[in-house]
Each structure stands twice: as structure tokens, then as C-alpha cells.
Amino acid sequence: MAREPLNEYLITGEQTYASLDNTIGSMVLDGKRHKKNWYMTLGVAFMVMNLFLVSVAWLLYQGIGVWGNNVPTAWAFDIINFVWWIGIGHAGTLISAILLLVRQNWRNSINRFAEAMTLFAVMCAAQYPLLHTGRPWVAAYWLMPYPNIMGLWPQFRSPLIWDVFAVTTYALVSILFWFVGLIPDLATLRDKATNKVPKMIFGILSLGWRGSMKHWHRYEQAYLLLAGLSTPLVLSVHTIVSYDFAMSIVPGWNVTVFPPYFVAGAVFAGFAMVLLLAIPVRHIYGLKDMITDKHIDWMCKIMLATGLIVFYGYILEIFYAYYSANSVEIALAEWRFFGPYSWAYWSLIACNGIIPQVLWAPRMRRSLPVIMFVCVAISYGMWLERFVIIPMSLTRNYLPASDRMYYPTIVDFVMFMGTIGLFFFLMWLFIRFLPVINMFEMKDLLFKQNLERRAKEEAKEEVGAH
Amino acid sequence: MHLAKAPKTYGVIAEFDSPEQLFAAGKKAREAGYKELEAYTPFPLHGLSDTLGFKDEKVPWIVFAGALLGGTCGYLLQYYTSVIDYPMNVGGKPLNSLPMFFPVAYECTILFAAFGAVLGMLGLNQLPQPYHAAFNAPNFDRASQDKFFLAIEAKDPLFDEVETLSFMETMDANNVSLVKDSPGVEE
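Those sequence lines, one after another, are chains A and B.
The first sequence maps to residues 59 to 524 in the numbering used here.
The second sequence maps to residues 849 to 1035 in the numbering used here.
Chain B with its partners taken away, still in its complex shape:
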């Protein structure tokens, strides 16, 4: 496999013991001007996305769109089947029995909105994604257990392999390393 591409650098990843240290380190990195920050934590930390300067409001809008679509589809399904395709007089009720069509339209609203929430979240997060460069960081299996990781990604304009690495080493991290997107090639 001598044609293998040279491994690209993902970024510098530092490991911390506690959320407090991670918050402090993230703040410091922001103050130093880094923008492409990422953290890996075993549970959601409130305020971390603000500290690292990440904003995203797309999921709620997807849910809203799903709800509208679901309600419309649910109602149109009933309208089409009961008024257009197979009109039938039931107990003298109007063909378009709006109050009676409400429950099904309501359930469809919720169903589509819920799928919007889950599929929207997974889609925006680009999951499923079994492989990611971050998994190459040493000790990274602890990121889902009890350690807190901060990454400065290589796409950051200020990123420099040597400088960023030494910047991260100034924090009280357990270990700091340069992470590439394919393991083992660098040796």
C-alpha cells in the first residue's frame, strides 16, 4: 500500500480529569483566538457550547417543519379517503368531518415531528459514522466514560502543529497529543 495518502492532521487533543478543567482550558483557547474548538465528554455539559463558541438552532426548525408536514399529511389523507376517493354517508355526518379528523391529524403531527427530531439530530451530527479521527487520540475510550477532552482542530486558521501543541501543554492536561486521521501510518 505504498500509494496510501499521507495522513492528514485532525488536530491537537488534550485530556482533562474534570469538567472544570475543561471549561477553563476551553476559555483559555478561545481567548487565544482559536475558533475551531471541539470537546468530547461523557455527558452533556451545560454552557460548554457557549464557552467554545458553538451555536446551532437547526434541530428545532426541523421538528417544526416535521410537525407541519405531519399535520397536513394526516389531514389530507383523511380528506382524500373520505371525501374524494370513497365518499360515504355515515350517520348523516358531513363528508369532511373536521372534528372527527382531528385526532389522526394530531397523532401524525407528533409522529412526523418526532422523526424530524431524531433524524434531524442524527443527520446534522453526521451519524452513523463508525470512524472518526478523534478515536485515534490516546486514551480516547475514556471520553465516553470519565475523562474530558478538548480538541483544537487543524482547520483553525491559527493552527500550527508545533505552536498549538505547546499551547495546549500549558494547560493542566493529563496528556496532549497531535492526532492524525489514520493510525499507524505515521510510524
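Bound-form chain A, shown alone:
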């Protein structure tokens, strides 16, 4: 049976500038487009977010002993979840910055969404380094260089302080990038709003944007430069995150493949999360003309490619262990294969290595349930990857006398679930109150698409005339 070809153009259906504006803008301006399921999802997310608050309150009251980590496994859920969330954020920057630089127009309909995801994921990630200090309000001098009463400064030779700078820069630059992208859309909403209050709010937020040619000229320069700056930034952030491990001498951590392998893993996990969010949202809000089957197909292909890089990383890790001829490294590899946590290792291989291979088949890339399943598997697999790397290496170190198993506590799990609640809560508020798709870039795309379509039709007519 022959498959139907994917949509030829990135925007499908009979569209005008106004129809694009209406479809996207009314999600913000017309509360009626949000049905019961929006409120229900928000309510559930809100409740789960409260779990986070409760677990944080308990942590601050009791101290970090409520977590399962203890020497030798001093790093566990806090770092796993931090790396997991930061990684998810990276797909947002990849979509908005790198795909912009390489002129991939299809990013126009998913970049806003992915950038918001980045911001919220970074917010979730930031909770862990702050809270793992136990008393975040007195520990600020560990993180930030400010003249304090003890005359101390952070230790700049430590990858952990590089991490602070990298993540702070990443968060700030992501906010800038997101807000700059929003300004023209906020102006559109200001002009479309009929009620006074939204009109005033959008009026203030849009900074008085009027679409002047001179403004667009500088806007585009600034936007492109921001993309150019974000690209090395996003690569450096996860590289530095991987330095937290690679700079140490713990077996299984001290490998030079970590930076590229972490970056690929981040993009892999991030695209899975973009798809997990985009598929239901485009279905509920009727955005299928903008986030088309082609977009989903292409995102699956990127997932497949980055997944293969990650899988290659796993194979290299095994290779390194044996090639090093270092008995501790070899013991760790075998601890992974056959040790008490081997279920985590083999699940990781299944989730990140085997399951994504179904995406080779074009038919699978069109079946939304299959894609959703693969994305869930990848998200879980990427979490397991950090579990395999972080606590597993620490439970078995150089000195057999200090080998201890690691068991997370209920607070660990509740807090992790809580950040997922926080993430979805923020995401759902974003869907309600800000345009989920970049309106001006979609109009720009429609303009170019119309030009292209006209050129094609003319070429066809000419062929017909001869």
C-alpha cells in the first residue's frame, strides 16, 4: 500500500495573515477556547506542584538528611534531576537558535513553545542546586561572588562554580530571547484585544512596538545575534554540566566523551518533551495546520539522530572501560551490567537505544500513539542515564571498604514529581496567557510560502504553454 505523501508546505489549509492571527491569538484573548480539560490539567498540575512545596518545606525544616544520599553517594537525585531538567531545556534553545541560524523555517511554529519549555525546565533545574545546600539563604556565598562578611570568594577552579555561571547565563539569555521574540506578538495582541484590561497589559508588555521598518531592521540584527550567541552558549552549558563529572577521577565519570555525549542526550530528551507537549496541544487547540505532520516527522528524525549519538556514547563508555585496562573502570562496567542496579542499566539501553529505532520506519513517525510512547520511553531513559552515571559510580569507588548501596527516599521521589507538576503548571498558564506560536514569524513564513507557491504555479503554466 502506497503511503500518502506528507504535506508539501509547512502551513496547510487556506490561510491568510488574519486567520493565522485569529487561530493563535484567540487562545489568549478568548477564554472560551479553553475547555474543561484545560482547567482540569491545570488543577492536577497545581496539586502536584504543591507536593513540591510540601517536600521543600520538609527538607528545609529537617535538613538534607531526608534525602537518601549519604557518603559515599553524596550526589544522587538532586544532581540527576538537575541534569535531566537542564537537558530538557536544551531542545528549546536548539530549536530557536540553531535552527534559526541554519534557516530552517519549520522551527517558526514550534520555537515559542520550545523556548517557554526551556525557561520552565531551567526553573525546575535551578531548584536542586539551590536546595541541595540545605540552607539556600545562607549558602549564597558558595554560588555568587559578592563581597561578604567572611571575606570569602567562590572557588573558581571548580566545575561546580562554572556550572553556576553557565546556568545563570543560560537562564537570563533564554529569558531575553523569549521576550524579544514575544514583543511583536504582544503588540498584535494589544491591537486585537477588545477588553480594556488585556489591552493595557499587552500595551505595557509590548513596549509600544509599532512594527516600524527601522525597528524591524535592528530587531532582526539583534535576534540573529542572540541566536548566534545562544548556540555556543547552549553547547557550553551542557559541556560544563558534564565537567562536573568528567573533571573528577571517579570511575565512569572521568571520560572525555562526556561533553558531546551530554549535549546530544540533552537535545534527545528535549525533543521528546517538545513532542510530548506539542502533540496534545495541537490536537486540543486545532493547530494542526501550523504544527503539521511534517513537523512531527522531522522532530522524530532529529530524535533518532541524537539518539544514535547517545547510543554511541554508551558503547564508547564500555569500550573505554576495557581499553583503559584499569581494573576499577572494568569493575564498574561489570557492576553496571550485572550488579544490583543492572535493571536500571538494561532499561536505559532499552529506552534510549532500542525503542527509538522504531522511528526509522516512516509509518511509525506518523502514528501519534507510537511517537508518544517513544517520547515517554526516552524521557524515562534519559532520567535513568543520569541515574546510571551518578549514583552507580559512587556506590562502587576505589576503596571496597566504602562501597555502599544507594536507596532514594520517598521525599526524593515526591520532590521530583513536584517539579514535574511545577513544570506543567507553568506550561499550562503559558498556553492560556501568551501566544503559543510565534505569530509574526508564521505570517512571514506564509508570505514566503505564497511567493514560492506562485512561482511554482507560473513555472507549471509555462511548461503547459509549450
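Only true hints are included.
20 Å max Cα-Cα, derived EDC-like pairs, lysine to aspartate or glutamate:
1. K257/A - D994/B
2. K1028/B - E1017/B
3. K257/A - D989/B
Which stretches of chain B does chain A cover? Using the computed rule of at least three CB atoms under 8 Å from a CB of chain A, they are:
4. 886–895
5. 966–974
Rather than coming from a laboratory, the hints here were simulated on the basis of the structure.
Please read all numbers here as calculations on a predicted model, not as lab measurements.
Think of the CB as a built atom: it goes at the ideal place given N, C-alpha and C, for glycine as much as any other residue.
With chain A fixed as given, assemble chain B onto it according to the hints.
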């Protein structure tokens, strides 16, 4: 409020349906010798600033300056704290551990450059600016949606309220109007 100043003329604004019409009109206005041209469009149109004779390369230089400043500040921060203010021997590494100071200096470079890009862009565009005379043009709320506006500003040496208005009316614009900087006073 009888002391209110007489409203100043901002210019003549014409509304078009499509980017192509706007490009054609802009070209015609340039050929007629007008220099102070401005357009208002819902999305950036490539080549429009060339057509209307606008050039500006300041933003990239601001970004470059921001990058230099950021890199320098990031490095000096580490040098001051680790070499001058609180020298401490860590694992026998030199006080000025250049390779170890690279990541923070690098992140600061990007941070300052990004702020340079955004603040430079907003500053040069004189935003935030909640009020502007162009907002008084009829139907101007469509400028952020689906209509394309061309303006010939009053500061142009060739500008003449009557002549410029009739010049703009020769183009296939939807409506052409003389725009003043405060609404309602002219009535």
C-alpha cells in the same frame, strides 16, 4: 486646556494590502526624491530597509563591545578574587589558573553580549515608547496584523501637506491620511 500647543504634523501615511504594493510604493517615493520614509509592517520584510534607504549597523558593534567587556570583567573578577584578594593554594595549581578561569569568562562574554544585543536594540529603537504619532493613523491597529503602511515623514525637506498627500493618493493605497501627533485636537 486652551494653552495646548497646535498639533504638529507627523507625516502622510498610506495603507496597503500586500507587501508587494508596499515595496512598489516605497520605490516610487524614493524615486520622487523623498528621503524620510518609514514603513509599518506586521512582520519583517527583507530588503525593505534597502528599498527605503535605511542603513544601520550599530547593534552588532554594541554586541561586540558587550562581548569584550563581559570577557574582561569575567576574567578580572576571577583574577581579583583568586590572586589579589584571597590567594589560596588549591592542589598546587597556580593562583592565576588561566585554563580553569576560561569557562566563567566565556559565560560572562555571552551574557554581556546578549544584554548588549537586547538593550542596544531597544535603546536605538527608543523603546519602550507607549505613544507615537503613527498610532493616530486610521486603521493603524492593523499594522501589527495584516496591513502594510508607508509613511512619508514631515521632516522630509520635500514634504508638503497638500502635495505629499496627493502624491500618495496616486498609489493604489486603501486610505491615505495626514497624521498629526495628537489626536482629536484638529477637529
